[in-house]
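**Student:** So the chains spell out like this:
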Amino acid sequence: MPRYFARKLLIYALTFVLAVTIDWLIPRFMPGDPIANMLARVSVNTNAAQVMHDYYAHVFGLDLPLWRQYLNFWGRLLQGDLGISLYLFPTPVTQVIARALPYDILLLVPAILLSWFAGNRFGALAARNRWLDNVVSPVAYLFTAMPYMWLAILLAWYLGLVLGILPIAGAYAFSLHPAWSAAFGLSLLQHWFLPFLSLFLVGFGGQAIGMRNLIIYELEADYARYLEALGAPQRLVRKHAFGNAMLPQITGLALALGVVVAGALVTEVVFSYPGIGSLLLAAIQRQDYFLIQGCFLFIIIGVLLGNFIVDIAYVVLDPRTRRGMTGEPA
Amino acid sequence: MSLSVQELRVYYQTLHGEVRALDGVSFSIADGEIMGLAGESGCGKTTLGYSLVRLSPPRRLVSGRAVLDGEELPLGDPDAMRRFGWKGVSIVPQFAMSALNPRRRIGGMIAELLAARKLRYLELLPELERRLDLVRLPAAVLAMYPFELSGGMRQRMVLVLSTLLNPSLLVADEVTSALDVSIQRAVAQLLAEFRDRGLVKSMLVITHDLAVLYQIADTIAVMYAGKLVEKASADVIIRAPRHPYTRLLISSLPEIGARHARCRLKGIPGQPPSLLNPPLGCRFRARCPAVSDQCGEEPPLREVAAGHQVACWQQPC
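Keeping their order, the protein sequence lines are chains V and G. Its first residue numbered -11, the first sequence is counted upward by one per residue in our numbering. Its first residue numbered 3, the second sequence is counted upward by one per residue in our numbering.
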């Protein structure tokens, strides 16, 4: 078992280095100049602009040859320094991300977990009940086939504008400042509900369909037919099928949680929600190298962590993996 | 009389219509009898075996009844059949090698199955271990996962599990097909041994391999295109078959000592009819060397000698 984890960790380390390198490269492949972009917002004469450009290029280390920039990047990264945001100058990238991340976690973790639980439960029920299948499956297909933003806009339009019961933009009322108060908490909850609902519905649809199909497949499997032939009660056969059908669903859950830090870009744009999704979009639009790098770095870490959790979970849940670890032929 | 089946008709529902996989089959198996069921692929052997255990869609019971030890089996009601599964009619399925849930330890799974019948695993454990010993499996397999066993071990494990409650009838479906010849013989002898020790009252052994049946079966029934064409003791079927299909089937087997370079092994020309719309009359008519006008009418299964039934007009009663 230690050998298995050592090998896995090595693979994760290599993946991390490669992914972070690509993360560093991608913004630099974008056409345009981030500093010129930043300076375009202030109007100064051409000479002064040239001086300012040189100054900022030096401050951000963008006047060095690329290989030096790359080494500096790794050097700072290992010290936990992600640089300073160009677009929110002079705030450090870590601080910008730390401000946005709580919103994503509050929004996405409940949406993913609840849609996963509810979707799997209803999917499993639908697989064994014709009436429920005829109701749940079409609804689930409808939700999951709907473009995210369209469902989001529809909800915002109906619940926000027509009924006027929920706010449709921001994470809290514009008149409030973040504080530990009941009024702020309530406002936060009100603003949270619509983006949450749109994410929940789409996630629910996908999970329910996945689970329904997996259960039906498992109930046709040889072991399920054998249990039935031996006169096992339906409850027992379903239990075995459900246990096996959960395996791919658990992978899906861990991977979905891994990209929580990526935010839900489209949903956040529709509801002007200040998570990492909107942040990333703004960073790309303004060619903010350091903020783009920082956002992607968290996404990379999240995905790798999610995968690693899946690896560990499978060791516990699927005995076949354990056997593979000891090096015996499977 | 252990099992008696009358006029069993089971059709498959397909988009193109009903496939008459089993079209009026009657037979009986006595206590302690091993009945072999032979025939080529698609003739309805497995459908017959599985119908006695669990008849679920797309299979549909059209008519017929089965009586096991004086009690009628509710063939058309899979839920009511659960009561008879394992203890009344049990099965070693064709897919025995993949019949155990790969994610569960074998012993734990057996305990669960027993608990569902209000039986205690620990009480049955000594008997279970004794039977594992009988098939030469160590008791340690109970703590293992199915994928830790070889294919042959899994098959023996399933044999032990299926017969644990001493079923009245065991349906053994193609249990020897995926094994090599030496193991085939050992497994076939195990089946006979289980019967001899009274662990299984009677047995229906389904196979396309007549050589295996000849070793262990008391009687052999031959099926063709969803119908029984001949049934007699194993010896009679092998040495003195009467139905033209059985004769051709037997003569298509290689014989020890025969020089096949000199006289080629014979097959049966043609193909069995589609069971979607089977022809009227004798279903073997199109391939039969002894066909006559009378064959347009369906031949009934008639007793031509004591314990020897044939469905062919050419056979005098």
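Take the hints with a grain of salt, since some may be wrong.
Below are the DMTMM-like pairs computed for lysine to aspartate or glutamate, each with C-alpha atoms no more than 20 Å apart in a straight line [unchecked claim]:
{"hint": "1", "chain 1": "V", "residue 1": "LYS227", "chain 2": "G", "residue 2": "ASP81"}
{"hint": "2", "chain 1": "G", "residue 1": "LYS203", "chain 2": "G", "residue 2": "ASP33"}
{"hint": "3", "chain 1": "V", "residue 1": "LYS227", "chain 2": "G", "residue 2": "GLU114"}
Per the computed footprint, the stretches of chain G lying under chain V, defined by three or more beta-carbons under 8 Å from a beta-carbon of chain V, are [stated by the list, open to error]:
{"hint": "4", "stretch": "83 to 93"}
{"hint": "5", "stretch": "113 to 119"}
Here are a few chain G residues that sit away from chain V, every Cβ distance over 10 Å (derived from the structure) [unchecked claim]:
{"hint": "6", "residue": "LEU102"}
{"hint": "7", "residue": "VAL293"}
{"hint": "8", "residue": "SER294"}
{"hint": "9", "residue": "GLN296"}
Since the hints were derived computationally from the structure, they do not count as laboratory data. Using N, Cα and C, we set each Cβ at its ideal position, and we do this for glycine too.
**Student:** Taking the hints in turn, state whether each one holds.
**Tutor:** Tested hints:
no.	hint	result
1	V:LYS227 / G:ASP81	17 Å, holds
2	G:LYS203 / G:ASP33	6 Å, holds
3	V:LYS227 / G:GLU114	11 Å, holds
4	83 to 93	holds (count 9)
5	113 to 119	holds (count 4)
6	LEU102	6 Å, violated
7	VAL293	40 Å, holds
8	SER294	43 Å, holds
9	GLN296	41 Å, holds
Hint 6 from the list above is the single one not met by this structure.
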